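With chain A fixed as given, assemble chain B onto it according to the hints.
2 protein chains.
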Amino acid sequence: MSGVKARSWIKVKEFVGLPKRDDFEIVEKELPALKDGEFLVEALWNTVDPYMRTNELSNKVGSPMVGGQVAKVTQSKNKDFAVGDVVVGQFGWTSHSISDGAGSIMSAVKLDPTIPLPQSTALGILGMPGATSYFGLLDICKPIKEGETLLVNAAAGAVGSAVGQIGKIKGMRVVGFAGSDEKVAYLKSLGFDAAYNYKTVPSLEAAIKESCPNGVDVFFDNVGGDFFDTVLRQMNTFGRVSVCGAISQYNALEPRKGIDVSSITLIVKQLKIEGFIVTRWLDQWQGAFKEMAQWIQEGKLKYRETVFEGFDSMYDAFVSLFKGDNIGKVVVKI
Amino acid sequence: MSGVKARSWIKVKEFVGLPKRDDFEIVEKELPALKDGEFLVEALWNTVDPYMRTNELSNKVGSPMVGGQVAKVTQSKNKDFAVGDVVVGQFGWTSHSISDGAGSIMSAVKLDPTIPLPQSTALGILGMPGATSYFGLLDICKPIKEGETLLVNAAAGAVGSAVGQIGKIKGMRVVGFAGSDEKVAYLKSLGFDAAYNYKTVPSLEAAIKESCPNGVDVFFDNVGGDFFDTVLRQMNTFGRVSVCGAISQYNALEPRKGIDVSSITLIVKQLKIEGFIVTRWLDQWQGAFKEMAQWIQEGKLKYRETVFEGFDSMYDAFVSLFKGDNIGKVVVKI
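Protein chains in written order, with the UniProt record's numbering: chain A, 1 to 334; chain B, 1 to 334.
A couple of the hints might just be wrong.
No more than 25 Å apart at the CA atoms, straight line, and that leaves these computed lysine-lysine pairs for BS3-like [what the hints assert, rightly or not]:
hint	chain 1	residue 1	chain 2	residue 2
1	A	LYS257	B	LYS269
2	B	LYS145	A	LYS142
3	B	LYS269	A	LYS60
Treat the hints as calculated values from the structure; they're not laboratory data.
Bear in mind that the values here come from a model prediction, so they are computed numbers and not experimental data.
Chain A on its own, in the form it takes in the complex (with noise of 0.2 Å):
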């Protein structure tokens, strides 16, 4: 069994601003025969996600990029998976990859069959990035109250999108933060009470005191940077703050200096401002997409991909979250 060849993307140079195709090559090399507990994968779907930028979350140079996959089983020596089994996995940048199932991230979980929607969407809204915005919200923000103001940024985004929309299941008032037209229409078709396109509003900081009179309470921050510290100054007394994700500075070439946050504002104002990884819940996701499917089917929860096609597409799609051009999920078709 096996004699399969596996094409991988391999990560070659460190990044240096926004990641350039030279960095990647893609190589193939022929998997070993399965041994007894494993199973061999093929990819129908990889995921590009943005923290696949940082050298923090474990892009090493010589390494395939990581990264979540929806993948199909086609040879087993596992009892537990079957030829035509569909999976979900951490298997990378890769078209085919060997799995034991072992309880890990890196491990497989199959798909749950009761939930009638696209495979794809074990990598969006019922996957990562859908966890995140679940967890990244009711979790590192509770209590979450009614009538309290939710701003979010990067909005029309996998994660911001499902933020925004579970605030408002929640009976929050939410503002969301965009970066085109098409992108502040799709919020406000979403239901977000407010939305904005941040690259042509004449000021940031007077969009926030308009859109949140009543200032912001809670603030789901994909963004960073200057972004970041304008809204810090807008928050309410007890506010929260979610630190998911800092775009905007991922491909920077130099840390920035930022606001002050050890300071008598923070103190004053009682702000809590907390980072997280969304493993920490691994256990608790498969309870979360129970009823974010729900909500889907409901009506509650929409949320949108981009697709791109072929495994050679990975790049593209890659670099396309940095150039702002999706809405939605960016998954690739293989």
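Positioned in the frame of chain A, the structure of chain B alone reads:
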């Protein structure tokens, strides 16, 4: 009744840098007659605390300086407060005050007669600073685990010295930074695992690496500024930062820029940073004081006071906080 003249320290100018003597005037005015339900108190002990430097915490130009006080009742038309009772209240920098005893931070609370400690402790270890230490560590940084490393700065002060000792009571490794060799010796006498004079240590970063070989799990920050940034870089995953004070910044003329917390470091390390004001837990203070009084009687929690003599010494006592001359709580014996 009444007919008493009260002397008060009035803030007459906005502070610029270190407060100056002529930012204040002492004024005398006659208090009105007591109404039903009111009582008159005469100051026994006044407190000075770093927060009084800030504009945000209600020291307005033209008003008396705010602050806690231990006082005795000298006239009363309130059935719950008899002449001779000793109370603690937020009466400010004043010699005589009228209170109605109503339930708020501005009200009077009788000292607990079952606690056999000096009256002045109601402004220190069993007062606002003690509660700050207790809740700022145990609540903001929860869950506190045995064996974790706690770093505290301004560690010989009223708050820091209690924070470190409570950390030891909870089984933590405790590292303190203070501003003189005498203070360092004091911290070692309190059982701190390591203590440094931050003014003479060649490198703060190196001192932290040396004393916290497993990194910092909990950082109780009284100082802010560059100190905050340096520690934040050495926090462990799931580290918690209690932002209690920023004494390095209160006299600063310009807001500084600091470490960018909207960054990948905060996210990857999943850090939590929270500011607080201790009145948040006002309804739980008495329970904390009972526990702390027990620790004091068992010899597990020690405290020191630096006493200034006389109402006219309030200014000298106050600015001494920013010169770093004192060990423990600074109080003024009226």
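Worksheet item: Which earlier hints turn out false for this structure, listed by number in ascending order?
Response: none
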